[in-house]
Amino acid sequence: MSLCNTRLQEERKQWRKDHPFGFYAKPVKDSDGSLNLKIWNAGIPGKATTLWQDAVYPINITFPDEYPSKPPKVKFPAGFYHPNVYPSGTICLSILNEEQDWRPAITLKQIVLGVQELLDSPNPDSPAQEPAWKAFSKDRSLYEKKVREQAKKYANADSS
Amino acid sequence: MNNDWNIETVVSSIELVYSTNDTDKIKQVQEYLQSIQKSSTGYQLGQVLIKQPSKYCRYFGALTFTVFLNTYQDSITSDQITSIFDELLDYVISLSQESLESNLFIIKKLLSTLSLLFIDHNQTGIDNDVLINPIQRYFYKLGNPNIIISELNDSQLKLLIYFHTIIVEDIRKRDNSKLSQTHEIIYKYLFPNLKHIFGLLDSNQHQQQEIHELALDCLFAWFTYIGIAEHGSKVSYTVDPQILQPLIQYTFYNLKFDDLENRIAIVSKTCTVLSQILEEHPLILNPYKTLLAQILFEENSFGSKFLHAILSNKDLIDIYQQEIENFTDLIIAYLNLNLVYIIRNLTNPQVLRILDIAVTLTNFPGRPIEDEKLSDQFLVFWEEFINMFIEDTDVINEIFKEDTVSKQKYFEIRNEILINISIIYWKKCHIFSDKIVPEFRHYRSKVAEVFQLLYSLLNTSIYSTLCKNVIDTLVAFQNTPNQELSLDIEASLFLLFKVTDDLTFYDDESTQILIPYLEEIFQHKVIETIDENFKNNQINITLLNLLSSLPFFFKSRSGEQYITTTFNYLFSIIIEQQQQPQKQQTGVSLISSKTILKICQNSRSKLTQFLPQLENIVVEMIRNIEFDSLIRERLVNSFMSIAQSLKDPLKLGEVVIHLLNQINQQIELVVHNPNQLLTSPDSTKEENDQKMEDYTVSLLGCINEIGNATKLPEELEDYLTVEQKYQTESYWNEDTLGVKQAILQSINQLSLNYPPLSLKTLPTEKCCNIFKCGLNEPINGPFKFELAIIFQYLMVKVQNCNSGSMSLVYKLVESIIITNGKHVSIPIFESFLSSAFLNKLTFIEQDVDLIKSSLDLFSTVLEKHPSLIVNLPSFQNVVLKFAISSFKFKESYIIRSVIKFWNTLITLKRGQSSEQQLIQDLIVKEHIIDPSHPLGYSLVLSLITSFIDNPRSNTEYFYQLFRVLVAKYPLYIKNWLRVILIHKLVDNSTNDKFNNAFVDTFVSKLMLTRGQRQANDVLKSFWLDCNNLVEYKS
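Same order as they appear, the protein sequences are chains A and B. Residue numbers 1 to 160, in my numbering, belong to the letters of the first sequence in order. Residue numbers 161 to 1194, in my numbering, belong to the letters of the second sequence in order.
Only chain A is shown next, with the shape it has when bound in the complex (with noise of 0.2 Å):
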């Protein structure tokens, strides 16, 4: 088995063992019903108390058949409003770029609690979009309108 395959093993065994509340991160299957490990669906529940509260926001992660050694690329659904989130939906963080602060120990655990942390903490010298940045920086309440408008399109309700 593969270097990525293994890692990526350990990584779906250890998020089912412990995995932080209100997350959930499935690999996608293939057309033969088999696990795709490389690929996976992940939802992102908005922290309590801040804009993103009371919605799970979904992400797809892709693995490289380099990962570890390379970051698996993180996208939310293309338009998803963010300062740090590129039109496409490809999310920008540190962690998550070889060439910054990508380090194969990063676990699953690890990314989806630093896009959670992302959500309500946009990094100001990362700008991906031009929407969601200039309204953050210039327009604050419109910026808080449309960060609520976008948390109740993933809204859910209590449901364990």
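Keep in mind that the hints were calculated from the coordinates and are not lab data. The reader is advised that the hints may include incorrect statements.
[Unchecked claim] Here are the simulated lysine to aspartate or glutamate pairs, EDC-like style, with alpha carbons at most 16 Å apart: (1) Lys-17(A) / Asp-362(B); (2) Lys-416(B) / Glu-344(B); (3) Lys-900(B) / Glu-883(B); (4) Lys-29(A) / Asp-1109(B); (5) Lys-1180(B) / Asp-1109(B); (6) Lys-145(A) / Asp-125(A); (7) Lys-338(B) / Glu-390(B); (8) Lys-29(A) / Asp-662(B); (9) Lys-465(B) / Asp-516(B); (10) Lys-587(B) / Asp-661(B); (11) Lys-885(B) / Asp-808(B); (12) Lys-26(A) / Asp-662(B); (13) Lys-145(A) / Glu-853(B); (14) Lys-145(A) / Asp-788(B); (15) Lys-971(B) / Asp-65(A); (16) Lys-1050(B) / Asp-125(A); (17) Lys-394(B) / Asp-362(B); (18) Lys-333(B) / Asp-250(B); (19) Lys-26(A) / Glu-10(A); (20) Lys-29(A) / Asp-661(B); (21) Lys-26(A) / Glu-609(B); (22) Lys-17(A) / Asp-489(B); (23) Lys-17(A) / Glu-544(B); (24) Lys-17(A) / Glu-669(B); (25) Lys-13(A) / Glu-530(B); (26) Lys-595(B) / Asp-661(B); (27) Lys-13(A) / Glu-679(B); (28) Lys-1000(B) / Glu-990(B); (29) Lys-13(A) / Asp-1109(B); (30) Lys-355(B) / Asp-377(B); (31) Lys-26(A) / Asp-489(B); (32) Lys-851(B) / Glu-149(A).
We have chain A; now place chain B onto it with these hints.
Leaving out everything else, chain B in the frame of chain A:
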């Protein structure tokens, strides 16, 4: 730092820290104490304090030694270190002789300081053995360097165990890459002592219980350390099981049931140590596997006696909660390690006995999380257990290849265990309190994951069992309603939801098999029963969640008959929420609206009979300001999705104009009589204004949703017949009901003429989105406007709008150019350019975002339809100057846009030959920016200046433009670059490195690349040289 201290003042300060509650005072005193601890007389202070009668002062003295040694570690000589070590050891012995128990916290701190000295200095080549073998020094201090451990008294033995524990615990906090020699010294000098200690404890049953507990803590620390040592050095503790034999034997010795009440702490700690060994160093337990299984699982063994004792005495469960959890961890660690064997030997009576114990612990009495944690601890194991059956299918089939009888028996046993587990967890996940704590929600979620896996293994059998349970319980509840039955229903519905949701998460096909089972539940009136009997209850939320996962069911022939009931239920939730807005309920109504939307979009053609009913609801929502905006807009989309499926433009037109008229009526009220809409007398003006703004934007959002829902599908030929297509086109060409006019009326009214909104971004966004709805429509439709009308709106809008709106206007024009560029006339675009750019230039130049937006628009026009812009006088006179001046920014997003603009202009892929010639002339001939040089020179000057001045992270953006210029205008670039660089670097720099040769070399290297990829490296190297930096590649 403060060298000047007086012991009386210091003592009273220390006493104050431990006696006052005044945090400011404490902070002030601590600052003082820290300054003298770090002073050059800190060590002397420690010496004085350690001899004080006050224990606080003594502790503070021990702490002061650590602070001092950390502060001056580089200036202390090896002789000093030896004498400090000896002195601190003397204090330890003296304090322990006085009273080990009451001085323990001081002694531990001193031992930690000794450990610090050992770790920091054992590798420095000191020629005595004090720091290489600190334990030997301890024995020496006790008066006999050759003393054997069995001769130590209890106090001395405890001290020895503490010392061995603290050293390895402290090492764990250090950087392991620098500890190779330390690990070897520990293995050589400390580990043998450990073997003697445990050999002694194992053979001497009369030791104090406390010593055994300390010893087990020490073992835990060592088994954690062993992994670190093996990873950080060449030492190996685990390669030969005999090396650790005395330590492991000691743990087994402790697993005894006798005198459990008094020895429970020892048993508990032993379980923790063994769990740790099983998880981290399983190989070293290989020789003891059978013995461990006997101790844990055989009849009359420690394990079965322990289990029997706790299960037969409820008091013990309460008292020994932690100890039982530790025992369970050990069982689980054993099971995990032997999982493959267990799975493949399921018919073996010994294995069945082991599993029986696992099932018993899983079914431990009490409510999960609140009373017991064992079922939670076991969840991961059972997941692995089920998973292993899935992964091991081929091997199991191979084992029973020719023995169908045994195979059948095997699967019977497997299924029996799995059903047992599912029943246990089904019961455990019942709600037992109105207020569900997050931990229990998490637990339920994990239980659901076990059921999802069970479905993978057992397929519909588990699903049908849950459905049957719902049906049976529903029938019983309908006859005799009671709380217990409702909780049964809730638990089953919850698990059905989670399993269904998991299946829909992956694909739609796998859910088809569920339809008959779901139909049975609906036949037994699940919605009606819950709706009639429960309000604002978890069971409603659970049912709602289940419904939200069932659009595939409602799309089916079996499911469509239940849509009426479902809709009634979902709408009632939304309406109730509107009447009683609560935080919890908002989430519920949002899920309801999302479910309605999904059902309508999936099954639109089957829902046309609901149009009149839905229309009433939607109209009410448009009229009522209190409804949530997103819910209102979703329901408009739901309604219009059904209307669109009629494929009848006449009916669609009637429905659309009806809604638009309602919306326009509301807009009239907003503009002329807003008080009629506001129903809360207690709200402040600000609140009312905000509410009104949200409502008004939502009205525009509703129009946008009408547009989204009435969009034609991409495969138009498959959707409409030729005749329908013709009818649709003709109908909307005439638009006899004035739909388009009504849409424009709403847009103009709110976005242009209503002062509270005209300077806001959101209404502009909604209006732009409304116009976008029709841009891609293949034939005429309600939202397909003439481009001149859209441009007319935009040109008026830019006269009265904020910066955020300007960006949206530019984005809409970009969309128009991309989708309908060939229908845009040059005069229209020129008018727009004049209104939205030339007349606004001062405003735009003050806003970096608008600079970027306008550059992006120009790039899109140049890329898609350059003829719209390149011949305009304003392009040459203003736009090009604007694009040159934008090089001055260092924001990466502007740099990217500037570079894209120039790249697109120079390549001009879609331009006609006359336009390409025009651009070439502009670049090499026309003196647009600088009266003495052509545009190309000015461009290269700005480009190279910006390139050198930008940060390294932006440099890559520039490469492509350099390459395009080199490839397209090699001779010009060579000359321009040379002249510019000699002027810029050689003539105006004091650095000798920048001479003519430097410039020539760079220009030659760049030109040699002919604009190929190698140019990137040449440019990167040039940038590094110019900024006096080097490549940091490792």
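How the hints compare with the structure:
{"no.": "1", "hint": "Lys-17(A) / Asp-362(B)", "result": "violated, 35 Å"}
{"no.": "2", "hint": "Lys-416(B) / Glu-344(B)", "result": "violated, 35 Å"}
{"no.": "3", "hint": "Lys-900(B) / Glu-883(B)", "result": "violated, 23 Å"}
{"no.": "4", "hint": "Lys-29(A) / Asp-1109(B)", "result": "violated, 49 Å"}
{"no.": "5", "hint": "Lys-1180(B) / Asp-1109(B)", "result": "holds, 13 Å"}
{"no.": "6", "hint": "Lys-145(A) / Asp-125(A)", "result": "violated, 23 Å"}
{"no.": "7", "hint": "Lys-338(B) / Glu-390(B)", "result": "holds, 13 Å"}
{"no.": "8", "hint": "Lys-29(A) / Asp-662(B)", "result": "holds, 11 Å"}
{"no.": "9", "hint": "Lys-465(B) / Asp-516(B)", "result": "holds, 14 Å"}
{"no.": "10", "hint": "Lys-587(B) / Asp-661(B)", "result": "violated, 21 Å"}
{"no.": "11", "hint": "Lys-885(B) / Asp-808(B)", "result": "holds, 10 Å"}
{"no.": "12", "hint": "Lys-26(A) / Asp-662(B)", "result": "holds, 9 Å"}
{"no.": "13", "hint": "Lys-145(A) / Glu-853(B)", "result": "holds, 12 Å"}
{"no.": "14", "hint": "Lys-145(A) / Asp-788(B)", "result": "holds, 13 Å"}
{"no.": "15", "hint": "Lys-971(B) / Asp-65(A)", "result": "violated, 37 Å"}
{"no.": "16", "hint": "Lys-1050(B) / Asp-125(A)", "result": "holds, 12 Å"}
{"no.": "17", "hint": "Lys-394(B) / Asp-362(B)", "result": "violated, 29 Å"}
{"no.": "18", "hint": "Lys-333(B) / Asp-250(B)", "result": "violated, 26 Å"}
{"no.": "19", "hint": "Lys-26(A) / Glu-10(A)", "result": "holds, 13 Å"}
{"no.": "20", "hint": "Lys-29(A) / Asp-661(B)", "result": "holds, 14 Å"}
{"no.": "21", "hint": "Lys-26(A) / Glu-609(B)", "result": "holds, 11 Å"}
{"no.": "22", "hint": "Lys-17(A) / Asp-489(B)", "result": "holds, 13 Å"}
{"no.": "23", "hint": "Lys-17(A) / Glu-544(B)", "result": "holds, 10 Å"}
{"no.": "24", "hint": "Lys-17(A) / Glu-669(B)", "result": "violated, 30 Å"}
{"no.": "25", "hint": "Lys-13(A) / Glu-530(B)", "result": "violated, 26 Å"}
{"no.": "26", "hint": "Lys-595(B) / Asp-661(B)", "result": "violated, 24 Å"}
{"no.": "27", "hint": "Lys-13(A) / Glu-679(B)", "result": "violated, 36 Å"}
{"no.": "28", "hint": "Lys-1000(B) / Glu-990(B)", "result": "holds, 14 Å"}
{"no.": "29", "hint": "Lys-13(A) / Asp-1109(B)", "result": "violated, 49 Å"}
{"no.": "30", "hint": "Lys-355(B) / Asp-377(B)", "result": "holds, 15 Å"}
{"no.": "31", "hint": "Lys-26(A) / Asp-489(B)", "result": "violated, 26 Å"}
{"no.": "32", "hint": "Lys-851(B) / Glu-149(A)", "result": "holds, 14 Å"}
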